[in-house]
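Asker: Please put together the full structure from these sequences, using the hints given.
Taken in order, these protein sequences are the chains called A and B.
With the working numbering, the residue at position 148 of the first sequence is 148, and numbering never jumps.
One rule links them: number in the working numbering = place in the second sequence (from 1) + 165.
Treat each hint with caution, since some may be false.
What follows is a list of derived Cβ distance ranges for each label pair [said to hold, decoys possible]:
{"id": "1", "chain 1": "B", "residue 1": "N264", "chain 2": "A", "residue 2": "D129", "range": "47 to 53 Å"}
{"id": "2", "chain 1": "B", "residue 1": "A207", "chain 2": "A", "residue 2": "L137", "range": "19 to 25 Å"}
{"id": "3", "chain 1": "B", "residue 1": "S233", "chain 2": "A", "residue 2": "N24", "range": "28 to 34 Å"}
{"id": "4", "chain 1": "B", "residue 1": "S265", "chain 2": "A", "residue 2": "R134", "range": "44 to 50 Å"}
{"id": "5", "chain 1": "A", "residue 1": "G61", "chain 2": "B", "residue 2": "M263", "range": "25 to 31 Å"}
{"id": "6", "chain 1": "A", "residue 1": "A101", "chain 2": "B", "residue 2": "S233", "range": "22 to 28 Å"}
{"id": "7", "chain 1": "A", "residue 1": "S110", "chain 2": "B", "residue 2": "S233", "range": "22 to 28 Å"}
{"id": "8", "chain 1": "A", "residue 1": "A62", "chain 2": "B", "residue 2": "S265", "range": "30 to 36 Å"}
{"id": "9", "chain 1": "A", "residue 1": "G61", "chain 2": "B", "residue 2": "S168", "range": "26 to 32 Å"}
{"id": "10", "chain 1": "B", "residue 1": "G218", "chain 2": "A", "residue 2": "H133", "range": "17 to 23 Å"}
{"id": "11", "chain 1": "A", "residue 1": "V90", "chain 2": "B", "residue 2": "M263", "range": "19 to 25 Å"}
{"id": "12", "chain 1": "B", "residue 1": "G218", "chain 2": "A", "residue 2": "P138", "range": "18 to 24 Å"}
Just so you know, these hints were derived from the structure itself, not from any lab.
In this text, a Cβ means the ideal position worked out from N, Cα and C, and glycines have one as well.
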Amino acid sequence: MTASFILLAALTTAGTAAAMGLRNAVHCVLALTLGFAGVAMLYLQLGAQFVGFTQILVYVGAVAILAVFAIMMTHNDKPMDLPDSHSAWVAGCIVAVAVFAVLARAILSSTPALPVQPQPAATVQQIGDALMHRFVLPLEIMGLLLTAALIGAVVIAMDRREEMK
Amino acid sequence: MSSLQSYLILSSLLFSIGLAGALTRRNAILVLIGIELMLNAANLNFIAFWRYGPNPEALTGIMFTIFSISIAAAEAAVGLSIILAAYRHSRTTNLDQMNSLKG
Numbered sequence: 001m002t003a004s005f006i007l008l009a010a011l012t013t014a015g016t017a018a019a020m021g022l023r024n025a026v027h028c029v030l031a032l033t034l035g036f037a038g039v040a041m042l043y044l045q046l047g048a049q050f051v052g053f054t055q056i057l058v059y060v061g062a063v064a065i066l067a068v069f070a071i072m073m074t075h076n077d078k079p080m081d082l083p084d085s086h087s088a089w090v091a092g093c094i095v096a097v098a099v100f101a102v103l104a105r106a107i108l109s110s111t112p113a114l115p116v117q118p119q120p121a122a123t124v125q126q127i128g129d130a131l132m133h134r135f136v137l138p139l140e141i142m143g144l145l146l147t148a149a150l151i152g153a154v155v156i157a158m159d160r161r162e163e164m165k
Numbered sequence: 166m167s168s169l170q171s172y173l174i175l176s177s178l179l180f181s182i183g184l185a186g187a188l189t190r191r192n193a194i195l196v197l198i199g200i201e202l203m204l205n206a207a208n209l210n211f212i213a214f215w216r217y218g219p220n221p222e223a224l225t226g227i228m229f230t231i232f233s234i235s236i237a238a239a240e241a242a243v244g245l246s247i248i249l250a251a252y253r254h255s256r257t258t259n260l261d262q263m264n265s266l267k268g
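Answerer: Written out as structure tokens, the structure is:
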């Protein structure tokens, strides 16, 4: 574990924990962008430059902004975000801690089977070659899926009250 | 603890934070964000295994992550538009108050 990993891990954990713990929903999304940026920097540290910049573009640039817009459009003055019962909050946290304990125990008790040797980082050209040759069918399906999601999101969110009049 | 294990521990921590948020928050948008965090933890696992596993030149982990990010973006767009449509109907985003399917 290097110092940069510890720093990035602390940043990511703090950002995501604040995103899930703060009262104000807008503050939550702002903390979330910090967590997403931390994950993107972890990708960069692992040598996946393309995925790191994609993470910044898609999550920090699009998903967080979309969430902020949704929060603004559904804003009302009622305090609505607190859990109704204290027991539900406690139960959720217990489930999460139990899941983490099981995962961490499994990870720590495992032995690394592979010798860790320094690998060359993937260049964007390699990724483009792979996308255009080996993974061209998934790429096309993904384009279809994104188009369908775009049209579907517009249709679902459209205000139909004017049609009904 | 090897570096692969430290990445896996971090990603399971991210997953647990997202799970805790999805289970405890009552705002539908924040529940969706918790699910996005869990997807991010899975992506971090893919990248870590790609980096420290055999045959990194096959780029399988990177391809999985790229497609997974695209699916997460589509999911966020459709999910938030469903939340908007439900808000227009029931005037709330609190999941405990969205308790009717029709009417």
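Asker: Taking the earlier hints as the rules, which of them does this structure contradict?
Answerer: Result: no hint breaks.
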